[in-house]
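Given the sequences, and given the hints that come with them, work out the whole structure.
In order, the protein sequence lines correspond to chains A and B.
So in the working numbering, spot 133 of the first sequence is number 133, and the numbers just go up one at a time.
So in the working numbering, spot 152 of the second sequence is number 402, and the numbers just go up one at a time.
Hint data in this document are derived by calculation from the structure and do not stem from the laboratory.
Built from N, CA and C at the ideal position, the CB exists for glycine as well.
One or more of the hints may lead you astray.
Claimed, not checked - Here are the simulated DMTMM-like pairs of lysine to aspartate or glutamate, each with C-alpha atoms no more than 25 Å apart in a straight line: (1) A/Lys88 x B/Glu442; (2) B/Lys363 x A/Glu84; (3) B/Lys319 x B/Asp499; (4) A/Lys132 x A/Glu106; (5) B/Lys412 x B/Asp499; (6) A/Lys139 x A/Glu122; (7) A/Lys36 x B/Glu445; (8) A/Lys88 x B/Glu445.
Claimed, not checked - Computed, partial: chain A to chain B, Cβ under 7 Å: (9) Asn58; (10) Leu83; (11) Arg86; (12) Asn97; (13) Phe99; (14) Ala111; (15) Val115.
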Amino acid sequence: MTTAWTPDQPIVSIKDVHKSFGPIEVLKGVSLDVRKGEVICIIGPSGSGKSTLLRCINALVPINQGSIKVEGQEVHDPALDKLELRKKVGMVFQSYNLFPHKTALENVMMAPVHVLKRPKEEVEAQARRLIKKVRLEGKEDAYPGELSGGQQQRVAIARSLAMNPDIMLFDEVTAALDPETVKEVLVTIRELAEEGMTCVLVTHEMGFAREIGDHIYFTDRGIIVEHGPPATFFTSASDPRTRAFLSQIL
Amino acid sequence: MSTPASNPILIQPVPAPAQGESGFLASAFTPRALGIALGMVACLALAGEAWAQLTVGGERPGILATLWKWTPLILLGPPREFGGFALNILVSFLAMAIGTVSGLALGLGLISKFAPVRSVSWAITQFFRNSPWLVLLFFVMLLTPFQMRIGGVTIPFPAWFKATIGLALPIMANIAEIVRGAVNSIPTGQWESAESLAFSRLQTLWRIILPQCVKRMIPPWMNWYAILTMATPLISIVGVNDAMTLTQDALASEQRTELLMPMYGMLLLFFFVYCYPIARWTIRLERKYAVRN
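Rendered as structure tokens:
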């Protein structure tokens, strides 16, 4: 089923999503909307289902109940071409997951060349631009093992961008980094947000969420406890669980 | 708190040998290894010689001269015929090649998403991994015809080729297990990130997972090659002119009991000289890749 999607509708629309892993229900009815160009930050204690929710958006994880629509397309429709969906939705992981047998440049080029079948010369030019954009000029021929965590994460961002996605998902992308390299990755994400990329971030960087988020969601034990624009969310949270969480972090 | 320097039980890493790849053969045949091998054969020759002195009294040619006389036959086979140790090597190459290609296919069957394919692959793997090689060899010898007519063309199946297939079967099953193990050892994050970049399962396997597996698979693969090579004398039982058969032929024509140990000793030496460097090289690669992964 293809419903005509127009940019004034939510680009991602999540309604009452339930997900269980065996007997453990990690998502207990989550709903949220993301509009085009918005930056959404999802915060919350570990184990609250943030990463699972993100994985449901690009169908890495199937859901048990509810609906997730990306650009009007039901993600969990069995007839959906998952590969088509994933061309629209980029994802960056906590553990970078670069391909260790390929150089930085090759990592960025692989998917556009082999999945999108775009001409190699054109992709290479784009890949070099992207590597420059994430401030890694000169590291094109380095293997992931030769790069720092922050550098690898920026290559991973460039790799996702090379697919020209409409939405970028960031799954705790700074959680595995040294404090001093966190900043270089956040700078890259901020630039993307400023260029109008639609971003959904799961993050523990409260200061960063407050600074770049258009809307903050707080999840705990599989539900969205509270959400709002950062100005009100961080200063006047109403739910005691949110307040307790924020007081521990801030 | 003890500092690392003062910690008496701190384990120091073993320094890797410094020589490059070109120096490998030299390093595999350290004076010690070569000494052991040659010493072994010399001892057997001397023992045979002493035995000869005691029992017969020496009009006949010496042990070493006799060994030397038979060496070309045992190494290369009878004149204008292919055989001997060279045939053992050829059979080992072919069986390994056939076993590797079919083992790769079988290994991919083991990780198939399609349950029937997985079950059939599993059954084949288990069957050939847990069967005695010699029985498999007889089985293939008796199962396959000595020639086959396809259209008007008659394709002969010589005994040595059938024996090669017989040896390739257990290799196939063991390589399949190596492939399965290597694929499973790749972190799931690699699959996830490939999936999120819209790679299909097949593309992910060929472009991302298997290339990373090659490095992990080489040491166990070489290990199986060495095992296979050492198992090639089995083919002598099914009537192939390999080094083992020819050694027995030579002994039969000499009719000298004092030659038994030196002749078999020489055969052992051939295999040792061929397999020992492979074993050393395997250990080196294992060490090298263990650090990286």
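Next on the checklist: Min Cβ distance, asparagine 97 of chain A to chain B: is it shorter than 7 Å?
Outcome noted: Nearest chain B Cβ about 4 Å off; hint holds.
Checklist entry - When you check the alpha-carbon spacing of lysine 412 of chain B and aspartate 499 of chain B, does it fall within 25 Å? => result 22 Å, holds
Item to check | 25 Å limit on alpha-carbon distance, applied to hinted pair lysine 88 of chain A and glutamate 445 of chain B | outcome: 13 Å, holds
Checklist entry - Regarding the hint that leucine 83 of chain A lies at the interface with chain B, is the smallest CB-CB distance below 7 Å? => result 5 Å, holds
Checklist entry - Per the CB criterion, is valine 115 of chain A less than 7 Å away from chain B? => result Status holds, d = 5 Å.
Item to check | Given hint arginine 86 of chain A near chain B, where the shortest CB pair must fall under 7 Å | outcome: 4 Å, holds
Checklist entry - Taking 25 Å as the top limit, are the C-alpha atoms of lysine 139 of chain A and glutamate 122 of chain A close enough? => result 19 Å, holds
Checklist entry - Taking the least C-beta to C-beta distance, is asparagine 58 of chain A closer than 7 Å to chain B? => result 6 Å, holds
Next on the checklist: Check the hint pairing lysine 132 of chain A with glutamate 106 of chain A against an upper bound of 25 Å on the C-alpha distance.
Outcome noted: 14 Å, holds
Next on the checklist: Checking one constraint from the list: CA of lysine 319 of chain B to CA of aspartate 499 of chain B, max 25 Å. Satisfied?
Outcome noted: 13 Å, holds
Item to check | Pair hint outcome, lysine 363 of chain B versus glutamate 84 of chain A [Cα-Cα no greater than 25 Å] | outcome: Cα-Cα ~21 Å, so holds.
Checklist entry - How about phenylalanine 99 of chain A: closest beta carbon in chain B under 7 Å, or not? => result 6 Å, holds
Checked against the numbered hints given earlier, the structure satisfies every one of them.
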